[in-house]
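Note that the sequence shown covers residues 1 to 162 in the UniProt record's numbering.
No wet-lab data here; the hints were simulated from the structure.
Values in this document were obtained by computation on a predicted structure and should not be read as measured data.
There could be a bad hint or two in this list.
Stated by the list, open to error - So the derived label-pair ranges between C-beta atoms look like this:
1) I70 <-> A127: 32 to 42 Å
2) V77 <-> G104: 35 to 45 Å
3) E131 <-> T28: 33 to 43 Å
4) N52 <-> F119: 30 to 40 Å
Stated by the list, open to error - Taking lysine-lysine pairs in the DSS-like style, the calculated list, with each CA pair at most 25 Å apart, reads:
5) K32 <-> K145
6) K113 <-> K145
7) K128 <-> K32
8) K145 <-> K54
9) K150 <-> K105
10) K113 <-> K128
For every residue, glycine included, the Cβ atom is placed at its ideal position computed from N, Cα and C.
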Amino acid sequence: MGFAVAITAGCSSYLRCTTTQVPTEINTITIKSYDPYGPLTRCVLSELRMNNIKIIDAANHNPLLSLRIIQSAESQVATSLFHNGKTAEYQITLGVQAQVVTPGKDYYPIEVKVNSAVFNNPQIALAKDAEVNIIRQELRQQLAKQLVRKLLMVHTHESANN
Numbered sequence: 001m002g003f004a005v006a007i008t009a010g011c012s013s014y015l016r017c018t019t020t021q022v023p024t025e026i027n028t029i030t031i032k033s034y035d036p037y038g039p040l041t042r043c044v045l046s047e048l049r050m051n052n053i054k055i056i057d058a059a060n061h062n063p064l065l066s067l068r069i070i071q072s073a074e075s076q077v078a079t080s081l082f083h084n085g086k087t088a089e090y091q092i093t094l095g096v097q098a099q100v101v102t103p104g105k106d107y108y109p110i111e112v113k114v115n116s117a118v119f120n121n122p123q124i125a126l127a128k129d130a131e132v133n134i135i136r137q138e139l140r141q142q143l144a145k146q147l148v149r150k151l152l153m154v155h156t157h158e159s160a161n162n
């Protein structure tokens, strides 16, 4: 036991939990999205499934909660420049606006933003495009994780008020 503690403390590593503890009351929800087949919605669906939350069709069931993804946005801002005035580094920000609708038809707005820095090397444009696509996918996954966490926080808040 002491050896395991010494190893993990010595190399600055830590154990990380990949899923969140989901209450049994919200193990089934519906999801509606402005872009039902888009990459962000797919990431959210995947994250919900990883947390053992079953997604059902809203037309056929009356679930405990409904998650509505209203819109998402992406922006890029230059954070540093080369001496010739071209962008050397920029920041990509992805954001999403969503709502959680409870059975009593209460609406809880959720807004999540994540960002990442991207270095611009004009000599390897093709590799840069591939890197930016990977970064965007990682940002979508981070958004999905935070969205599920906030969904659980809304449920906790709702349970505390009842």
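Hint by hint, here is what the structure shows:
1. I70 <-> A127: 32 to 42 Å: 35 Å, holds
2. V77 <-> G104: 35 to 45 Å: 40 Å, holds
3. E131 <-> T28: 33 to 43 Å: For E131 and T28 the Cβ distance comes to about 38 Å; the hint holds.
4. N52 <-> F119: 30 to 40 Å: Roughly 38 Å apart at Cβ, these two residues keep to the hinted range, so it holds.
5. K32 <-> K145: 17 Å, holds
6. K113 <-> K145: 11 Å, holds
7. K128 <-> K32: Measuring from Cα to Cα gives roughly 33 Å; hence the hint is violated.
8. K145 <-> K54: Answer holds: K145 to K54 is near 16 Å, not above 25 Å.
9. K150 <-> K105: 18 Å, holds
10. K113 <-> K128: Holds - the C-alpha atoms of K128 and K113 are around 23 Å apart, at most 25 Å.
Hint compliance for this structure: hint 7 alone is broken.
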